[in-house]
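> Now for the letters of each chain:
4 protein chains.
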Amino acid sequence: MKVSYPLVLINYKTYLESLGNRGVLLAKTVERISREYGVCMAVAPQFVDITRISKEVSIPVFSQHLDPEPPGSHTGHITPESIKEAGACGTLLNHSERRLRADIIEDSIKRSRELGLLTCVCANTSIIGKALSTLNPDMVAIEPPELIGSGISVSKAKPEVIRSSVEMIKSVSPSVRVLCGAGITEGIDVSRAIELGSEGVLVASGVVKAKDPEKILKDFANSLSR
Amino acid sequence: MKVSYPLVLINYKTYLESLGNRGVLLAKTVERISREYGVCMAVAPQFVDITRISKEVSIPVFSQHLDPEPPGSHTGHITPESIKEAGACGTLLNHSERRLRADIIEDSIKRSRELGLLTCVCANTSIIGKALSTLNPDMVAIEPPELIGSGISVSKAKPEVIRSSVEMIKSVSPSVRVLCGAGITEGIDVSRAIELGSEGVLVASGVVKAKDPEKILKDFANSLSR
Amino acid sequence: MKVSYPLVLINYKTYLESLGNRGVLLAKTVERISREYGVCMAVAPQFVDITRISKEVSIPVFSQHLDPEPPGSHTGHITPESIKEAGACGTLLNHSERRLRADIIEDSIKRSRELGLLTCVCANTSIIGKALSTLNPDMVAIEPPELIGSGISVSKAKPEVIRSSVEMIKSVSPSVRVLCGAGITEGIDVSRAIELGSEGVLVASGVVKAKDPEKILKDFANSLSR
Amino acid sequence: MKVSYPLVLINYKTYLESLGNRGVLLAKTVERISREYGVCMAVAPQFVDITRISKEVSIPVFSQHLDPEPPGSHTGHITPESIKEAGACGTLLNHSERRLRADIIEDSIKRSRELGLLTCVCANTSIIGKALSTLNPDMVAIEPPELIGSGISVSKAKPEVIRSSVEMIKSVSPSVRVLCGAGITEGIDVSRAIELGSEGVLVASGVVKAKDPEKILKDFANSLSR
Chain W
15 MKVSYPLVLI NYKTYLESLG NRGVLLAKTV ERISREYGVC MAVAPQFVDI TRISKEVSIP
75 VFSQHLDPEP PGSHTGHITP ESIKEAGACG TLLNHSERRL RADIIEDSIK RSRELGLLTC
135 VCANTSIIGK ALSTLNPDMV AIEPPELIGS GISVSKAKPE VIRSSVEMIK SVSPSVRVLC
195 GAGITEGIDV SRAIELGSEG VLVASGVVKA KDPEKILKDF ANSLSR
Chain F
15 MKVSYPLVLI NYKTYLESLG NRGVLLAKTV ERISREYGVC MAVAPQFVDI TRISKEVSIP
75 VFSQHLDPEP PGSHTGHITP ESIKEAGACG TLLNHSERRL RADIIEDSIK RSRELGLLTC
135 VCANTSIIGK ALSTLNPDMV AIEPPELIGS GISVSKAKPE VIRSSVEMIK SVSPSVRVLC
195 GAGITEGIDV SRAIELGSEG VLVASGVVKA KDPEKILKDF ANSLSR
Chain G
15 MKVSYPLVLI NYKTYLESLG NRGVLLAKTV ERISREYGVC MAVAPQFVDI TRISKEVSIP
75 VFSQHLDPEP PGSHTGHITP ESIKEAGACG TLLNHSERRL RADIIEDSIK RSRELGLLTC
135 VCANTSIIGK ALSTLNPDMV AIEPPELIGS GISVSKAKPE VIRSSVEMIK SVSPSVRVLC
195 GAGITEGIDV SRAIELGSEG VLVASGVVKA KDPEKILKDF ANSLSR
Chain P
15 MKVSYPLVLI NYKTYLESLG NRGVLLAKTV ERISREYGVC MAVAPQFVDI TRISKEVSIP
75 VFSQHLDPEP PGSHTGHITP ESIKEAGACG TLLNHSERRL RADIIEDSIK RSRELGLLTC
135 VCANTSIIGK ALSTLNPDMV AIEPPELIGS GISVSKAKPE VIRSSVEMIK SVSPSVRVLC
195 GAGITEGIDV SRAIELGSEG VLVASGVVKA KDPEKILKDF ANSLSR
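Residue numbers (my numbering), protein chains in the order written: chain W, 15 to 240; chain F, 15 to 240; chain G, 15 to 240; chain P, 15 to 240.
Mixed in with the good hints there might be a few duds.
One copy or two, it doesn't matter: identical chains are merged, so the pair holds either way.
No farther apart than 27 Å at their CA atoms in a straight line, the calculated lysine-lysine pairs in the BS3-like style are these [said to hold, decoys possible]:
no.	residue 1	residue 2
1	Lys69	Lys42
2	Lys124	Lys232
3	Lys16	Lys225
4	Lys184	Lys223
5	Lys184	Lys124
Read the hints as simulated data drawn from the structure, not as lab findings.
In this text, all values refer to a predicted model and were calculated from it rather than measured experimentally.
Here chain W stands alone, though its shape is the one from the complex (with noise of 0.2 Å):
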């Protein structure tokens, strides 16, 4: 599955709303409503829900982590080869609730893009965006983590944090895909985060947890149709 921007990044998270058979019901709304919209939605589940939804589902399928270590004898690891042989097309690295160190942010980054695998490097601040940046992922996402979970937008909340990444992570990284997260619940979270100059949004709670997913994930195409 191609990945298009402005994405839109649905991070099941653990949360037991979307795991197993209501993630893949979950997957399976994400893709009528980005066909519908043409626009690219991809879903993040849990590990073991990968290979199903990849299946099942005809959206963009990432992993919530990797671990480098290559094939071979290492146990309870996350290899890269295991998640695209599962089918994902790519990876978060780095979550706010997943630091890694710098050096296996590195490996990971290369091991994933060995594989064909795309990366989305989580980073608390700007200045740790364009840190990462300069590592060579796919993606960034800025996610303030005082913000994540509470409702209130990064947009609305920190639009010149949005601003800055941006700025800082393209002065060194020009072909680095800037995404942005924590808070988003409602479409004008999603055109601001592009007006802002990201190029897609990382979302949690606020579609997992939602009381109608269906509604907010168009309101998300709406406001990124226009």
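Model the placement of chains F, G and P on the given structure of chain W, informed by the hints.
For chains F, G and P alone, kept in the frame of chain W given last:
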């Protein structure tokens, strides 16, 4: 799927030979031989393959690891809930290639137990095996790390480690099952391990990377059904 | 410096109140009261202060942590050799603010023992205390983390935790000394802890951040020398 | 103590040869040669020795690592405050033997800067060196890990790594000083490193484990004062 003892638990690690379709095929071979010989055999595939193998094959499936984080706002973690939903009946913990903090082992066992997942905690030495057995896992697997993948079996090279582990663990935790592993490649390694007091074996490359895994598995099964 | 029981072990943590000269002065107060009352009192200062306090004050000095790495090509590690050379007689391990992997606790205890350093392994719960006691440390200190720094003492709020810890630990490791800690701020907390079967207390803010540490220390000493 | 460039920074690691009294004596030799030749030389001893060396010797003293935790209820951490109080003027961070999470490097640099401590961030590769340079450390030290302790110097074996690191780092962070290290054992290694654009060297075993450290240090100083 019920687990019974003696148990042959096959750790797929991150080998390419046991990833995706090849892992499903291997699991089907395990299933056939397990039935034919009436010997309980289980597999621990990579995370992305748990769902498929659990569905397509009727043998106990273990995860190679899990994290104690609860469902919710956690990204890139392997929740017990996801493993359970995927059809696993248990998990390895603290493998020598994935060592854990003592308190995290305790939490992971507790969380697994609450969900009805079996835990097989790995230990490098008798003394750490004894210590971890007091945390109430279902099994402790003793594996001298220097023999892992060596082709020299623990039951030949270090019989006293098996014997003393069984003794030390049973003295404080009589209901915990003691497995052993490392370097096991033929039936005689398995039967000796049982004679020395262990109630099962943990194998990996000995099966997964064997030229003819079926032959090895039959040899194992034979040595246990005699 | 010899350690005797009951022991009052004062963890300086990273408080500014006990750093540098202020830490040396506090250690001198501890020394004076310890002598006056004939009660064994020890301190665990920050790493940079171990050498000075060991030299200038005649009480047992503990490290707050150490790493099992051997002398050699390791950067930024706290070797047992360095702690010993600096004059410490022992170390805390696995404090709830510095949790360790099970195998690293085992290695750290072994390394410390070889050098004649005492080990006091901390544990959040009775069950983990029991588990870690089997690794042959000199002491296990039980500290319910929710009471640390709370001012509500473990001996008042959770007497059953002390009692059951002592019982559980002594049942498998009779020679291990059981300490307890968390929220201890006055003499009555200490004497109760001893009545409940523990052989010492681990205190931090209750002394270090007290308006009048000398008064508190005297109250502790009094409650033990009665 | 002021640091000037070119800088020879001697990492004591956890070698016994540089622990305690022997470390103080080595620091005095470094001081004497540094003065005699007018070349800035600094040492990074083990934590327990920072206070003594800072007091007894007039050369810049670095810590080998620090943690970003603030003063307070943290046990077993190496606070910037403690390093500063002990007399250090700066710290190494992210040495290949002590790799750190990207966000922790950022926090550690920020905390050090606030206290007026210099930071020398280590990097395995040019690309990670470039990335970390954007976090505003004072220095970045490039060390190909395969050459560390090899006796084959980076300036001989991988001159292009030094050159490209300098270029890549200066392109995004012109004010960051670029050091290099690994395998440096004689003056010619140092002068070549400087010719290739670096502003100092990080050495360890080449000095600490030398039969005659004084001779080596003079050779270094000579090659820099020519």
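> Would you mind marking each hint as holding or not holding in the structure?
Hints and how they fare:
1. Both within a single protomer and between protomers do Lys69 and Lys42 lie at most 27 Å apart by alpha-carbon distance, with minima of 11 Å and 21 Å respectively.
2. In the homo-oligomer, the alpha carbons of Lys124 and Lys232 never lie at most 27 Å apart, since the shortest distance is 35 Å inside one protomer and 41 Å across protomers.
3. In this assembly of identical chains, the alpha carbons of Lys16 and Lys225 never lie at most 27 Å apart, being 29 Å within a copy and 38 Å across copies at closest.
4. Proximity of Lys184 to Lys223 under the C-alpha cut-off of 27 Å is found in neither arrangement, the shortest distances being 33 Å within a copy and 46 Å between copies.
5. In this assembly of identical chains, the alpha carbons of Lys184 and Lys124 lie at most 27 Å apart whether taken from the same copy (20 Å) or from different copies (23 Å).
When held up to the earlier numbered hints, the structure conflicts with 2, 3 and 4 and fits the remainder.
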